[in-house]
Amino acid sequence: MTVPLPPSIDQRPRGERVAGKVAIVTGGNAGIGRAAAELLAREGARVVVAARTAETGEETVQRIVAANGEAIFVRTDVGREDQCIALVAETVRHFGRLDVLVNNAAIYPRATLQETTIALWRQIMAINLEGPLVLCREAIPQMIASGGGSIINVGSGNAKGGAANLTPYSISKGGLWTLTRNVAAAFIGDNIRANYLNPGWNHTETEKQVQALEGHDAAWLAEAAANLPAGRTSDPSDAAYAILWLASDESSFVNGQDISTDGGTPGGASRAKRAV
Amino acid sequence: MRLAGKRALITGASHGIGRAIALAFAHEGADVVLTYRARARGAEDTIAQIRGLGRRAFAIQAEMTNLDPGVVDTAVELLGGLDILVNNAGGARDGAFLDLTLDDWRYTLDLCVTAPFVLGQRAARQMVAQGGGAIINISSVHSTHVWANDTPYGVAKAGLNRLTQSMATELAHLGIRTNCIAPGYINIAETNEEQAQYDATDGQAAPWIVAQRTASPTEIASAALFLASDEASYINGQTIFVDGGLLHPAITTADYMKGSRARGEFSG
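In order, the protein sequence lines correspond to chains A and B. With numbering that gives the first Met the number 0, the residue at position 230 of the first sequence is 229, and numbering never jumps. With numbering that gives the first Met the number 0, the residue at position 172 of the second sequence is 171, and numbering never jumps.
In isolation and in its complexed conformation, chain A is listed as follows (with noise of 0.2 Å):
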């Protein structure tokens, strides 16, 4: 049997449970991104839909419009500290408040030890680990503003397991938890919480590009998914509906965590079928 997915996000009737927040998701234009911030203004939170490629930002935003949810798209290369800079304040200017980060933009080109050069490195390191430690220095004074916060970082099971060719990737993923862990415990006089979701392997359209440039093809990714304990890969619905949890005042004494979504990997990655 394969585990089941989520109540569908599409589906779903509108909800408060993050009712009168605002809150940035970044990568918003695909993916767990997209997911993650359908499933927040679904649940009554107003959203900024932040990514570099407008198109598909601007899609999103628009399937949640279409759904009587409220959001804007912000062009943002979250490598880049000025645009960080200016995410927030537009957010602020716009929606006069801000509740909730999602730091989910990232990249992942393969790279072993042996492949990663510092070109490449600094290239990671911007978007993955630079750009969520500027969005958590410019959004939290705006959330104790605004009486407190949540931060979700995106990050990887490979933080902790490493990936033979992953090697920069999963090391940007290790300094997201130790940012996590030092936010949660810097702010929380301040009523901010940051906690950190490993979001499994998701077959997501960026994904099966890598896997496809790997010679991986539809019937390599079928039978490693039915290879997982839960007979399937990650949907990016799963990492939003935590997402969603952690971002709602339901885990109001949830700080400082790593959660994953993952469907229960509990040797860590290297227990699945998984080729590296």
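Calculated from the structure, these hints are not laboratory results. Predicted model, so just to flag it, every value in this text is computed and none were measured. Virtual Cβ for every residue (Gly too), placed ideally from N, Cα, C. Fair warning: there could be bad hints in the mix.
To be verified - Facing chain A, according to a computed beta carbon distance under 10 Å, are these residues of chain B, among others: (1) Glu169; (2) Thr213; (3) Ile239; (4) Phe240.
What the hints assert, rightly or not - Some residues of chain A that are not near chain B, with every Cβ distance over 12 Å (derived): (5) Gly146; (6) Ala183; (7) Gln210; (8) Gly214.
Based on the hints, put chain B in the right spot on chain A.
Then chain B, alone, in the frame of chain A:
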């Protein structure tokens, strides 16, 4: 309604965390069987509240250290099936390592890890027949953080985290998810006497907790609600800490860690 039509068995739900979980589940549409050991009034009050919400509710008196899987069978008969099991009942006979007796050890391990195994196995067999379900074990920060004088409890709760992983691994393909919640310090006091006891013991931890406060049982219940619901359909084998960030790292060698709990018995 996030648990509409679901049928849940929650152990140790006459007060505290268990009661909060039972009420949260019922608010979201679940029918509930709860177990209690000694607090009949708390159990009666809880099922009355649940029935007031228009849900079915039943209370079973059960001593978990009897390791009787029949508790699950009774719940299945009362509810016509079982979709959710919460192994919440817990407690300990803790004390200094040099003074512990084998009875202390057995009592605590029976209560905190063997009973969840026995009930979990019986419940999982029922869930297999139905096509799926969710099991939630209530662990503790003692499962990973060591305090002095907590040996049986800490070992039992570490075992419960690991039991969760084994069940998650073996039952995933059968449609059953198994997860664990590790609460930190919770104020479950309902009477003046309980409040005084809490103030004298766990309540003193608040200044050292990163959150600067202890938790309310409802904050554990909201995690259980999420894990029990289909929203968490891909979360399996996890132990989620609901501990307010627990203790400031700098105080892990403070006097508090050397003996937070005097020797004695407590029920969680």
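If you test the structure against every hint from before, which numbers come out violated?
6
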